[in-house]
Structure formats: C-alpha cells, structure tokens
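Residue numbers (our numbering), protein chains in the order written: chain A, 1 to 527; chain B, 528 to 1054.
Keep in mind that the hints were calculated from the coordinates and are not lab data.
No residue lacks a Cβ here, since even glycine has one placed at the ideal position from N, Cα and C.
Some but not every residue of chain B turned toward chain A, in silico, with C-beta under 7 Å:
| hint | residue |
| --- | --- |
| 1 | Ser988 |
| 2 | Arg1016 |
| 3 | Pro1017 |
So the derived label-pair ranges between C-beta atoms look like this:
| hint | chain 1 | residue 1 | chain 2 | residue 2 | range |
| --- | --- | --- | --- | --- | --- |
| 4 | B | Arg781 | A | Leu76 | 43 to 51 Å |
| 5 | B | Asn894 | A | Ser39 | 50 to 58 Å |
| 6 | A | Lys16 | B | Glu984 | 52 to 60 Å |
| 7 | B | Leu538 | A | Arg254 | 37 to 45 Å |
| 8 | B | Pro661 | A | Val357 | 30 to 38 Å |
| 9 | B | Glu911 | A | Ser60 | 36 to 44 Å |
| 10 | A | Leu135 | B | Asn1034 | 41 to 49 Å |
Below, a list of computed lysine-lysine pairs in the BS3-like style, where the Cα atoms sit at most 27 Å apart:
| hint | chain 1 | residue 1 | chain 2 | residue 2 |
| --- | --- | --- | --- | --- |
| 11 | A | Lys380 | B | Lys758 |
| 12 | B | Lys769 | A | Lys253 |
| 13 | B | Lys578 | A | Lys414 |
Number of protein chains: 2
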Amino acid sequence: MIGKSYIGNLLSAKGKKTYRTFNPLLNIENPTIFTEATSEEIEEAVSLASKAFKEYSKISGAKKATFLNAIADEILALDTELLKMYCLETGLPEARAIGERIRTIGQLRSFANLVLEGSWVEATIDLAKPKREPLPKSDIRKMLIPIGPVVVFGASNFPLAYSTAGGDTAASLAAGCPVIVKSHPMHAGTGALVASAVIKAAEKTGMPNGVFSNLLSSGIEVGQQLVTHPKVKAVGFTGSIKGGRALYDLAAKRDEPIPVFAEMGSINPVVILPKALKNRHQEIAKTYASSITLGTGQFCTNPGLLLGIKSDSLSSFITHLSEEILKIDPSCMLHPNIKKSYKINKETVISQNNVSVVANFSSDVQNNFAQQAIVTVDGKSFLENPTLHLEVFGPFSMVVECVNDVELEMIITKLEGQLTGTVISDENEISNFSSVISALQNRVGRIIFNGVPTGVEVCESMVHGGPYPASTDSRFTAVGVSSIKRWVRPFSYQDWPNQYLPKELQNQNPLKIFRFIDGERTNEKIV
Amino acid sequence: MIGKSYIGNLLSAKGKKTYRTFNPLLNIENPTIFTEATSEEIEEAVSLASKAFKEYSKISGAKKATFLNAIADEILALDTELLKMYCLETGLPEARAIGERIRTIGQLRSFANLVLEGSWVEATIDLAKPKREPLPKSDIRKMLIPIGPVVVFGASNFPLAYSTAGGDTAASLAAGCPVIVKSHPMHAGTGALVASAVIKAAEKTGMPNGVFSNLLSSGIEVGQQLVTHPKVKAVGFTGSIKGGRALYDLAAKRDEPIPVFAEMGSINPVVILPKALKNRHQEIAKTYASSITLGTGQFCTNPGLLLGIKSDSLSSFITHLSEEILKIDPSCMLHPNIKKSYKINKETVISQNNVSVVANFSSDVQNNFAQQAIVTVDGKSFLENPTLHLEVFGPFSMVVECVNDVELEMIITKLEGQLTGTVISDENEISNFSSVISALQNRVGRIIFNGVPTGVEVCESMVHGGPYPASTDSRFTAVGVSSIKRWVRPFSYQDWPNQYLPKELQNQNPLKIFRFIDGERTNEKIV
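Required output: the full structure, derived from the provided sequences and hints.
As structure tokens, then:
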C-alpha cells in the first residue's frame, strides 16, 4: 500500500522520501508507505489553490454549505475503515474515535449552516446623503471577504476534529478560502482517508480543482515551503509552542507577512480557594484525578497547574489527589516520541529544586503507556524557576502551595498566557479574591467556575485561544463558528452600481440576511 | 518655552536631547524647545499604563464615554491656540486645521456613543442545558475585553485626526486600553497641546493616572523601547512602509509577539475604462488634477497610479490632465524633509527607462512648496520595473498605458496591496471588465466607482486598510468605529455566577444592550 498526496483532485507520489505511521498499542509500524510531497508537488498544489480562489471566493453560501455537508457525509461513509485507521495510528480507543468524528461532523455542519444563513459576513451599509453639507456623502457598503489560500497544520492529539477536515479547514472552506493541508505524519493514513472524503465531496458538488490539497510530510520542509510561498495568505496550526513559533517567525519574515493562527501549549491553571478546599477537597481531588488523566492527559486544556494556599485542607487535597490518580489505569500515548517527551519533561520537573513527587505510577506498564504523576512545589520556588512553568504534555499536574493570596496573585500575574483558567470556589468566597480573579482573567482566554477545563464545547460563545503563547493572536478563537473570522477581511464598496454588488450588499437583499443599514440591524430590503 | 512629555498626568523633561519643530511656510524653526523622553521616563509611562489598565479595563462604557467627550471638549477649548500651532508646524492652511479638528472631535464622540450604547462588546450567551445527553452543556458567555496598554505612533500628515488624540487613540481608550503616544517630531507642539487636553479630561472625569501619556521623541529610540517593552500589548502606527515594517519586525521578534496595526503607503490605482475615457476624458482629467494635488498630495489615499488602455482618448486624457494640473498653484509640504523626499522620489521615477514626463511644474516656487508632476509609461516597462511601483508621497501621479485588458489585468494582479482601487466607468461597460475588477478587489481594501479615492468618510462601513503593505493586517480597518476591534480580544466565562459576571453578560441585562442568546439577537433579559 502506497500513501499519496492529493494535489487538488489528483493523487500524486512523485517523491523518493517515504515514511510509515506507528501503532503505539502494538508498538509496531503500520504497513502503509507514505511518500513525502516534493517541492514540485507543493508548487502545483499552491498554484491550483490560488487559481481556485478566483472562483471559490465568489461562490454562494448555499453552494459552500452543500460542499461542507458533503464532506461530512463522505467522512461518515468511510465508516469503520476510518475508525480502524484512527485507532491503529493513535492508540486511542474506538469510543474516542467515534466521539471525535461526531465533533468533526458537527463542526462541518455548523459552518454549513452559518454560510447558508449568510448573515455572518457582517454586511454594513451606509446610504448616500447627496444633499449633506458641506460635502455630499457617498454610498458605502462593507462585508467580509475571504483572504486567500490557507495552509492548515493539523494537531497530533485530534486526528479528526483539529486536523485534515477539522476546525481550521472547515472554517477556511466556509470563509471561501481554498485549503492546503500539511498532513500530520503521526496519522497520515487517517488524514489520507479524510482527504479522500473531502476530494469526493468537492467533485460531487462541483467545486474548482485546487479548493483542497493534502500534502504528505514527515519533516519540516514541506511546511516551511508552504508558509513562505507568496501565494499562501494565512496559516492555521495546532501543536507545540516550538512548532507554532517557528511558523510564526517564518511568516513574519516574509516580504508580505501573513497571519499565523497557532493554538499552542497551555498548562491551564486551576485556583482552588480555601473554603472550597476545606469543604470539598475529597470530591475535587477525584474530579481532577480524572480530568488530568483524560485521554492520557493529551488535551490542550489539560489542567497541569493546581494553585492553592497552604493549609491542612490543601495537604489533604494533595493526599487524596495522589491516591485517586494512582487508582486510574495508565493508558497509551499517541506515539513513542510523545511518550518519550512526556518521560523527559516529567523527569526534568521532578529534578528541580524543592519539587516533591507525591504520586508517580511505578508499576510496569505496556510500551508507550504513560505513568501518571503529581508533584508539589512551594510558591516561591515556582515563581523563581521558569522550568516549572513549562507544559508536561501527558497525565501530569503540579500543585503549587502558596503562602498567601498575595503570592497566589503574583504567581498568576507572572504566568505565561493560557487557554483556560479555572476557579474552584464556594460561591460566596469568590468575592474575597477579586484581584486574584482579575489577574487570572488577564492571562487566559476562558475562565471556568467550579468545573474542569477539559471538554471544550463547540459553540458560538466559546473562546479557545488566549494571550501568547496559548495562541499567537488572542483576538481570535480556534473553536466555534467565530473562528471563521481568522480567514476573512472587511471590504468596502463605494458608490458601486447595485447590480454589480455581491448579493449580500444589493438593495433588494435577495439572500434575506441580517444587515446593519445606517446603524440599524434589519433583514429588510432597501427601498 | 520648553516642551515636556506627559508621564501620566505629570509634565516631565528629564532628558538632555532637545529638538524644535519647523515652519515650512516661513522656512524657519519654531521657537519651542522639546526635550526627548528618557529611558527612565518611558519606563515610568509604561508602568503607569500597566497599573492603570487594572482599573481602566473595567470601568463602565458610560464613564469611558464621559472621558472621550471631555477630550473632545478640551480640544475645542484650546481654540485658536491649537489652530495656530497646527499651521505653524505643518504649513497647512487654517481651513484644513479646522476640518481636521471637526474630524477628530467627530471620531471621539462617535466612539463615546459606541461605548455608551454598549452592544459593541458582542455579548454572546449560550445557556446551560443540564439535561443534554450524553453530557450536560455548561453555561458559556463571551464578550470582547481590552487587550492591554497600546502604543500609538501618529501620522505626519494628520497632526490631529490620526495622531495624539486621533483615531487610534480614541479607539484604544474606547476599548478600555491605556494609551502611550510616541509624539510625532514634526508637530510636537500640536501634539503637546492635544495631550494637555487629554490629561485635563482624564483628571476632570476621574480616570486613573497613566491612562494616557505623551512621550516626546525626535529619533527612533523612544519608539523602539516602547514596542519592545513587555508590558505593551499592541501598537498602532500610521506612516511609511519603512517605519511601519521596522516596528512590525521588532514586535514579531519579542518573546511575546504583539499585534502591530500599521497603516502604511499606498499608490491607490485608478482604472479608467475605455468608454469613460472616450466620453469624459476632459472632465475626468480635471477631477483627477484636483485629487492628485489635494493637500499637496499628502493624503494616504492620493491617486498615484492611473491605468488605461492605449487609445486616442487616453492620449487626450493625458494631455488634459497635464494642462489641468499645471493650472494649479503649488502649495507647501509638511516639512523640508518631506519636500526633499518628494523631489528625490520624483526624480528617481523620471530617470527610469521609458518614463516620459508630460507635466512638471517648472516655475520657481517658495521653499518647501512641491512642484506637481505627471509622468507616463508603457505597461510592459511598469510590469518589469518595481521602482515604478513605489509611492511618491506628494502631488504626483503616473499614467500607465496598457496595450490591452489582459496587460491591464496582469498589472493589477502584480500590484502590491493598496488601501483603495478606483474604477472610472460608463455604467454599462463595467460588465466587460469583470476579471479586471476581481483582480483589483483582490489587491485593495476599498473599491470606488466613478469617484476619487481621497476623502475617507468616517463611518461604520468604511474600510481603511488593505493587503500588505497598505496595512500590516488586512483583517482590520483603521478608520470608523470598527477599528476598536484591533484592541480587544474575545473572552469566555463558563458557569460563572451571575452576580460576578460583568454587567454586559448578566441575566437581567442591566445595560439593555443587544446580545446573541442561543443564536438570537435580543436586548431582553434572561428569565
């Protein structure tokens, strides 16, 4: 079996460099041989995308919706073949594959609904005032238009929902931007299957060739060539800080810099307030043992940092958390390299001054399974040692024992940007910690009350993003339909003849969308 | 007279480096001696801004509106002192000073109205569904929150409307971000007066010290220190490509990269279609002679590139344009350095192969007055010579004679990003040039039908921005109330107790703003 790239609608494997994916559960390589895309194939994919943009940027929302729904249908049609491949390449259980497929399908359909309804373009019309003094006012009409071909780098930890036809791709296609996926090497087979579904959907719904390509790649060269290509206009990335920052730097150095929307690492601080600790430490410990180990700790919102004020209750919490987490059966990580990094990062943290290990699963485990751990450290040591702020990707968390609320606030203030912050509180005590909570809000994109950060709801009000390095641009979310705004720009027509305006801006409002006309929101026509 | 910086509410002049502004009409230095801000003063201003952010980011829209309106009032109260200083430092006539003051006041008041009304925060609420299967749904509420202290670099060509208390400052203060202005050295006196008005307004309306600072600077060091300061979270800039790109590069290299919104150069292409040329070349020539020389050609939307297809009508147009532009009296440029650059850039273009000078005002003019010029070149030479694409800031335009519409389209496709594109057309002929117009749309932020690009209306539907290098981020406009979006980020609250939510997101909707609740837009409360 030979894995090939899709260069537009055509399968292609012109290169000589090959690689295989890995089954972490069986600890063996999978059989398919994937062929890395060549420089020539990359050039062809970008050129097709750029040509496709001319047509695809102008097709109707209804047609884009048909395309997006067809992608969802074709992914479902892959059925057990897809689920099986997913499990072979990730070590994750089938239930997770099914859950992630539901999320992927849901995202595609929610973007389809968004562009079918059409009001998302934020049509804004200021009518002419030809008699205004001292100067007449022109007719000006604004809407959002697509930015150009987008390159998507999928996530290792979400082979479906944040990869080939995941959130970034769905949002870009919905916006009217062709997509070139730089396939993730750890799930190249899953990616190739999903890519085949996208291409089938594109062909069935009559989309221009080049609206989608999937480029196989095991190293960094394919990505580098894509991000520096003059015809590429934006980049979506989900992964490590190192990887995301490298792409951001490349894009910023271009003659024409382009936006890189990278959703990167996060340790997702959790602040446990004193009364909650006193009244509920046992229950909180159980909830968090489960959240820390969920999906072998491989979620971007995994709670890696638990902050509390020194007390007997905090000590009891630590004891319970340690006990609870050791009751959980270790599970498989996505890839031997990820397991290796987990081990190294965990050991690095453990070796730091004043770090105590309070739980570290010590029995033998299968190859590529992660041994969960909890460590503790005092607030001062945490403040002084940046190594302790780094993400340990996996089932690991650090409890920081602060001397008081002043130290707690200082620790939060000095934290790097985070996707989420959580406050565990008995309802009335939150008011005593308003400056702690303000400080937390300033470092995160989403704040949670008495819950866990894992489990990111896909909805309009969700923010998945945050101050750097949680993401490269905190002004946008990577989850939910608002994420479409990353791939569009506002555009104004001044005194443009009605019949040549896009339908969204025409007087008669043929799409019946909501528009702002002279400041009022209405779905009426202009008479 | 000693010009001082405002470090928060206090005047300060600790430095030793001094400079003076210049009266280009009289060709002499103005009397006031300005003292460049020191490294220590910069540190103090940023530190105050960062502290002020804690309070200012949370004050109500009503209070921010009072502050913004008070700034407008205090600017008006400066009365003729401000107008006189403006004219002394720019060589521009008093009528222009009055016009720009109207624009500045209008902007401040429109942002005041925006934040007073309050719906701009895009409050979005998805209510909890505790009984949802398989998992309950949390209550999630999102709104826009300010990003942090903003540094504003004013424009040389708009000492009021895009400088000290101009669009960037008004938008940042409206968003809830403290502002540190890096004062423009060419109009340091005008800037100091406006800064005094802002500080008076801040004191009268009880704003926290540090919400605004004005740092005097004649070189690049102050700006560099500001942009690389860890507590600065965003930058606004209006000026040259060289200056804007340098700041962008500095910001991108930071440990924590920050957004730089730079509105830079543009040659604002104008496409004159054949029938319009045939029927109206005389009238169009007259209109454009006036647009090219408006404000001595010192507007960012000045039409520097006129594109047409070779014909007798185009030749007649060129003849008329040359005649008309030579009838116009030369006027003063903003500064001897700007005049010098104009002369050098004009001569550079004139010296290129196949460039013909068809008009070049040759009589003697006063010091610092610009001699307007029109040149022509064939399409092939323009395509092959990037030097011809550069902006000549001043009363200058180049007519490109294309062999046919294919060459016209290719020229547009290869243009750098632009603020505006204009199409001069007899109404029915636009349909024969749809791919030319698509290509133009792809290179600009605003497209104009049968008008001139100069004269940027301040309204909600205006886009002032465009693909690089017109601006560093085409996803935002620099003019109009939407420009507030540059300085905010979305933020989610999950399951947050109602009484601790910001008013904008509370069930009872005390501010009576429009919100999206489960997808429906309403200003009702949640019951």
